[in-house]
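Each residue of the sequence shown is one higher than the last, beginning at 805 in the numbering used here.
Bear in mind the hints are in silico, worked out from the structure with no lab data behind them. Take the hints with a grain of salt, since some may be wrong.
[Claimed, not checked] Here are the computed lysine-lysine pairs in the DSSO-like style, where the Cα-Cα straight-line distance is at most 27 Å:
#1 K1420 <-> K1438
#2 K1045 <-> K1285
#3 K1438 <-> K1396
#4 K1396 <-> K1322
[To be verified] Simulated restraints, written as ranges between beta carbons of each label pair:
#5 T999 <-> G1368: 53 to 59 Å
#6 T1122 <-> P1189: 30 to 36 Å
#7 P1189 <-> E1363: 47 to 53 Å
#8 E1017 <-> F880: 41 to 47 Å
#9 E1363 <-> I1255: 38 to 44 Å
#10 G1436 <-> S1126: 39 to 45 Å
Predicted model, so just to flag it, every value in this text is computed and none were measured. Backbone N, C-alpha and C fix where the C-beta goes; we use that ideal spot for every residue, glycine too.
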Amino acid sequence: MSKSPKPAPKSDWLSWLHQAPRRAKQIVLLLIDIAMLPLLFTLALSVRMGELDLPSKAQMLDIPLMIALMIICALFTRVYSAVVRAFDEHYLQSALFASVAWVMLLWIAASADITHTLPRSVIIITGALLMLHFWVSRALIRAVLYLLLKRREQHTNLAVFGAGQAGRQIMAAAAGMAQYRLTGFFDDDPELIGTRINGLPVWSGRQAQRYIERLDIDEVIVAMPSVSRSRRRDIVDSLQKAAGERDIHIRMLPGLDRVMSGDISLNDVQDIDILDLLGRDAMPPDLALFRHHVADRTVLVTGAAGSIGSELCRQLLTATPSTLVLFDHSEFGLYNIERELRASFPDATLVPVLGSVMDQARLERLMRHHHVETVYHAAAYKHVPLVEANPFEGVINNSLGTYHTAIAACDAGVETFVLVSTDKAVRPTNVMGASKRLSELVLQALAAEPIEPGTLGTCYAMVRFGNVLGSSGSVVPLFRKQISQGGPITLTHPDITRYFMTIPEAAQLVIQAGGMAKGGEVFLLEMGASVRILDLARQMIRLSGLSERTASFPDGDIEVVFTGLRPGEKLYEELLISDEGVENTDHPLIYKAHERFYSLARIEALFAEIEELALKRDTIGLKQLLLLSIQGYKPDFAAEDHSGCLDDRPEDAMSIAAFEAELDQLYDDSQVTPV
805 MSKSPKPAPK SDWLSWLHQA PRRAKQIVLL LIDIAMLPLL FTLALSVRMG
855 ELDLPSKAQM LDIPLMIALM IICALFTRVY SAVVRAFDEH YLQSALFASV
905 AWVMLLWIAA SADITHTLPR SVIIITGALL MLHFWVSRAL IRAVLYLLLK
955 RREQHTNLAV FGAGQAGRQI MAAAAGMAQY RLTGFFDDDP ELIGTRINGL
1005 PVWSGRQAQR YIERLDIDEV IVAMPSVSRS RRRDIVDSLQ KAAGERDIHI
1055 RMLPGLDRVM SGDISLNDVQ DIDILDLLGR DAMPPDLALF RHHVADRTVL
1105 VTGAAGSIGS ELCRQLLTAT PSTLVLFDHS EFGLYNIERE LRASFPDATL
1155 VPVLGSVMDQ ARLERLMRHH HVETVYHAAA YKHVPLVEAN PFEGVINNSL
1205 GTYHTAIAAC DAGVETFVLV STDKAVRPTN VMGASKRLSE LVLQALAAEP
1255 IEPGTLGTCY AMVRFGNVLG SSGSVVPLFR KQISQGGPIT LTHPDITRYF
1305 MTIPEAAQLV IQAGGMAKGG EVFLLEMGAS VRILDLARQM IRLSGLSERT
1355 ASFPDGDIEV VFTGLRPGEK LYEELLISDE GVENTDHPLI YKAHERFYSL
1405 ARIEALFAEI EELALKRDTI GLKQLLLLSI QGYKPDFAAE DHSGCLDDRP
1455 EDAMSIAAFE AELDQLYDDS QVTPV
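Generate coordinates for the entire structure from the input sequences, incorporating the hints supplied.
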């Protein structure tokens, strides 16, 4: 969110005087008049004598009386009722009446011998000078304040971080623009620190706080396009710490191409995107893994219109599949992604298909017809509160949908099937996470099934990772919208943390993990360090050039409001279910986990029970079933169900104990098999 040049911080004297209460301004004017009156009296004496004539000791004793009479006359004629901005004919009349009244009262005092040898002519001259002072001083103060404030408002004090070629070009471009006042460069190169470039000083980056405060710097442009993402993040963090609570605007020069051509303008400078700071330095994909199950093959992506599915399509097309089948239930979403891909990849063969992952027969016909060889299954309901409020729809779409799609792939002779999973499947506290773990169990069970003679069988694998930046429902676009609307930013809990990864990086790693699949693997993506969401919100506020409104800083721009954890929401996410550890793979950012799973017979029995519970709309029974079946699941039985479930369980609903006993009777522990 870009900002126009901002006024000076509220701590400087000019802004204080401009924004001070009316009474404070009146006191300032009164003090100025008191200080000026002795000077006016001295000037009147000098005018009378035709040379410099200082007041005598006796006349000095009359000055307090002069000041007292001036205050009385000025207050009586309401000279101080008008402040500088109200300098008009009414004020001029008040100043005239006050000066005349002052002359008359002082004349009377002199005639009554109250004063000490005050010449009558000096009284008249001093009165005239006082009237002139009332007029000229206000006009001068008004003009000076106007010019200074106007100048302050129209100029942005600009510094550039990076005194290299890019920084010099940016500063040269800004030099020709009236709204910028150039202050200098920051840089970490010891050979440049202390030098001057085109007359502008180069300071150490460690001195940022000193010069930001001393020179009232409003904006810093980071002109170091060749540095890594982590280095850019460090620079921005250091500038934000140096700025403290000052509303400093930090922007960035994004690319090297214009720098190399020598054609840089301020139009190339962009606001810093939080996605650019949170993501890691990009690692080029391993082309062998990336193309292994994609190049010259027919690939199908379910959920192709979603955040992950659409990025999978973009990345897959760079690996030149022979055909890419886009499968989604959203007509509008499918239309948009097809149009985008056709514009970006005009030579690609795209097949957009509307449909549901619950339609196993249609999926099998589709895969057979197009001879699909690789499937990336990204279709899922993923928004935790919505699935918690509509549990049957979530479980049926996510879990049974995966089952039907995977069976269709097997029957159609698909070679590789990769499930896109989530860290919410690990010890889930919500239905969405439980449904995704059940989806993983489906593939693990299918992978363990013996292959029919004469067939190669389908290779099933799944990839589990955390939140992606910028996806629909992600906090980043939500916070960005709330900031643009002036706040508040809504956050469920101050201590909530999440793992984050950019969508392109996640999609590339999912494809590469699929290239390593041998059957039944649970791949985990290296997510880096977890991010405290409150810190993320505060950083987005600062990057917008705004400040947080708090109890200690009520004049801030954006408030952060805590709403409480939503049903099924966790304070932190995990990637591992068991403590058996992980194995390294051929890729440094992809690991393989060892986790226990159920037999296919037990999975199918679970689905039969789920379908029976769905007919009864028995939400509590569903959560009890998931509680027994999903390791670590902690259901919220009090969560509101919007799908029309019964308030009370049916009379014939099975108890937890009875169901557990039945499961133990049907399936012994030998059918819970390690990978």
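Status of each hint after checking the structure:
1. Distance restraint check for K1420 and K1438: the Cα-Cα separation of roughly 23 Å lies within the 27 Å cut-off, and the hinted pair is therefore satisfied.
2. Distance restraint check for K1045 and K1285: the Cα-Cα separation of roughly 25 Å lies within the 27 Å cut-off, and the hinted pair is therefore satisfied.
3. Between K1438 and K1396, the direct Cα distance comes to roughly 25 Å. Compliance with the 27 Å bound is thereby established for this hinted pair.
4. Only pairs whose Cα atoms come within 27 Å are accepted, and K1396 paired with K1322 is accepted, the gap being roughly 11 Å.
5. Taking the beta carbon of each, T999 and G1368 are about 55 Å apart, inside 53 to 59 Å as hinted.
6. Between T1122 and P1189 the beta carbons are some 35 Å apart, a value that agrees with the proposed interval 30 to 36 Å.
7. Taking 47 to 53 Å as the suggested C-beta distance range, the pair P1189 and E1363 does not conform, at roughly 23 Å.
8. Here the CB-CB span from E1017 to F880 is close to 45 Å, well matched to the stated 41 to 47 Å.
9. One distance hint, 38 to 44 Å for the beta-carbon pair E1363 and I1255, is violated here, with the actual separation near 60 Å.
10. Range check, G1436 to S1126: Cβ separation about 42 Å, and the 39 to 45 Å hint holds.
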